[in-house]
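Engineer: For reference, the chains in residue letters:
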Amino acid sequence: MDPSIAAFLTQDGVTNGAIYALLALALVLVFTVTRVIWIPSGEFVAYGTLTLAGLQLGKAPGIVGLLVAVAIVAALVETVSTIRAREWRRLPRRLALWLGVPLAVAAAVWWAAPRALPLPVQVMLTLAAVTALGPLLYRIVYQPLADASVLVLLIVSVALHFALTGLGLWFFGAEGSRTPAFTDASFKVGELTFSAQSLLVVATSMVLIGALYLFFEHTLYGKALRATAVNRVGARLVGISPSFAGALTFLLAALLCAFCGVLIGPITTVYYESGFMISLKGFVGAIIGGLVSYPLAAAGALLVGLLEAFSSFWASAFKEVIVFTLIIPVLLWRSLTTRHHDEDE
Amino acid sequence: MNAGRIVAALFVIALCAIPLVGPPFWVTLGNYIGLYSIVALGLVLLTGVAGQTSFGQAAFVGLGAYTTAFLTIRYGASPWLTLPAALAITLVVALALGFITLRMQGHYLPLATIAWGISLYFIFGNLEWLGGHTGITGIPALSLGAIDLKDERRFYVLIWVITLAALWGTHNLLDSRPGRALRALKGGLEMAEAFGVNGARLKIVAFVYAALLACISGWLYAHLQRFINPTPFDIRQGIEYLFMAVVGGAGSVWGAIIGATLITLLKQVLQDILPGILGRAGNFEIVVFGVLMILLLQFARNGVWPWLARLLPRPRPSPVPDAPPLPVRDRSPKPGMSLLQVKKARKQFGGLVAVNDLTFDIREGEILGLIGPNGAGKSTTFALISGALPLSAGEIVFRGESIGSRAPYRIARLGIGRTFQHVRLLPQMSVLENVALGAYLRGRAGVVRATLRLNREEEARTRALAARQIARVGLADHQFDDAGSLPLGKQRIVEIARALAADPSLLLLDEPAAGLRYLEKQALAELLRSLRGEGMTILLVEHDMEFVMGLTDRLIVMDFGEKLAEGPPAHIQRDPLVLEAYLGGV
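Chains as they are written, first to last, in the numbering used here: chain A, 1 to 345; chain B, 1 to 586.
In case anyone wonders, no lab produced these hints; they're calculated from the structure. One or more hints might be untrue.
What the hints assert, rightly or not - For the chain B half of the interface with chain A, some residues (derived, Cβ under 8 Å), not all of them: (1) Pro-23; (2) Ala-77; (3) Ser-78; (4) Gln-237; (5) Ile-239; (6) Phe-284.
Since the model is a prediction, treat every value here as computed from it, not as a measurement. The beta carbon of each residue, even a glycine, is placed where N, CA and C say it ideally should be.
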């Protein structure tokens, strides 16, 4: 291996690592606030790429239908619980939120599809569509189980992953998609060539991480989520609704995953089922942070990206084995160093 | 047991009839249901009973299949010889993986199983000598003497003989000494270890048991299909095995069979009808499957079997026949001699000194009370003696042996029994079974003997012993009730009976009178007095002054982690230091 290959692999690893870092942050966020080990995050990534690819080909992507379907189910669930609680007055607002907003997003995507709008608009639409799925699925799938054990929530996550993978095949087809690069510029610093695409990915990730930091440190909603993560019961006692916190968390997490999807599109070909492996790599990163620490999770994700880049050079067939075997000593170390609470079993 | 036996008999008859009357396709489905059931049975033990979730069982199935495929083709070995070889390899791999991953707690374990499940799949797929992703063809068929098992109907018989044997063995195992200990793991490691259960070892045993069953299933699969590739052993199949156990009801052996049957049939039906309805080829069954799973967990978290079991007549428990007692501890009480010494015991949590160089001793045949205001360090002292917390400094000696840094299960072996401040019974198990768990250390039957039902005599003695202890504490009428159905006061008494079943020479009671009504307290005091009359030594941590004053021989008063006073109750009541600590000075 000469220095230029090493530099190339490092660049590759850091670029992938930056994407995994976003995913790892989403996973940490979801776990700390809702205790959900969010296996289906990968499907959100894949949906992101495939939706953008669909828009670029000028066809209405399948996500429109999915959005309409889950919005209707969520509206039904919400209506039933509102009627049960006899809170008639709140019904119109809730319906507007759970049915109106998603339908508007779906309509916008459907309208925009054949019109070959500029790339940034298509990216915005993609982000909106995938993000809207987050709170809707939380409402339907996880909120009724909010009091269940981590284990039940994990099994539900796996079930949802199955369902979303199957739907992905139905909506997007079996062919993989790759979106065109945002830019094909590159420049040289000394001996090393940097592609602007990689820099864009890394920069976007850093901006998002910064925005997330500001959100948690300086906004009331961010502080509410942090409070819920520290102590669910306590947060509830001071008036933070757990279902609101859950929905907001899934909104943010879905947005991060959608970004991952948009960023990863020009780098690899994404299939309807690619999400699982991507999310598991995010998990390896998140677990290095014990599923609770954001900076450690981001660092862990970067490590995963680098490990993957270098092992694909040395032992390409075994790159998945290497990445996933790394997790076992990390898990062991984590479980031995964290204090264990019986209630989490 | 009657209803259970009838169900079992009907089930077996129904099974045997299928290949005789059905079309060949039914036989194929029945074969798969059998293969899946074997794996799901292991998960019932591992996940449903011992509470350790594994998504990685498919990898062990693969280990069994690949071992026999490789050995029969490369070396021409007889398939019957490759079975022990496959079991041996699985044993080694499971021990290694179990040793690393079972130390993990909570959600780390299932994530680790996903990780090695994926790794093993990629290893199968990337090793050229294992055929890579294309796999291995031409695996020989099984034959039993002159009987060729190439025919699916004959193979069906073999699969179901093995499935039923696994069902029978697992059922036996659950209803035994190691089975009770496994079930106790769900009530928390601390509780199980207080009765001498080595939790870490037992988890590995359950893990290996499940892995070996998966391996047998894989061995059968390879000789049934006679062709293998990595796909059926990937993480998705591992997830599906877990789904089977959860859908059927992971708490019962029948749940495994029902889950495997339901999911196999459901997938088949979905694959047949959905493309017809939706008019496009796709992976729809996985969608319906995922959605059904979510609905099941939202509306029936415990699976299908508990729901079915409610429809069956509940067997009426028959009285426990008397049996010779289990061996008792060799001891000759010497009243008044020191039994346990606490020497300068110290416990620090960071900067907080919870117990500060505490020294006292417990004498044989006495009831010693440990009292003090809230936060005085009583419960920490209790935890130090029972081994739940390690000492920071100092020493605790029981019968001449230092126990300060021993694991709770090793302290239990020396003859120290305990109860818990917050009742730790297994609410779904009968009072009798809960108490029988206390006798864990007095039995010998291990997993092999239990699985093969060679433990009947010991089991009868254990049940008789448990029944005697329950009668001794006055709960004979409740011995077949679920422990969780009793009021709190009675549950505390069950805890005492469970501790007594271990034949301890020292009984540690953590606030036994808390939450008891007046008459219950009187009955408890009477029980403790009669135990003392039989030579039992008792340490009592308690808040209720009236209860303590009337009952104990001596009292230790603690405040701020230190011993404030020591002496007979009448002296303590007049001690000015104690009065100040309790009443803030008079």
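Engineer: Tell me, in ascending order, the numbers of any earlier hints that this structure violates.
Structural biologist: Of the numbered hints given earlier, those the structure breaks are 1, 2, 3 and 4, listed in rising order.
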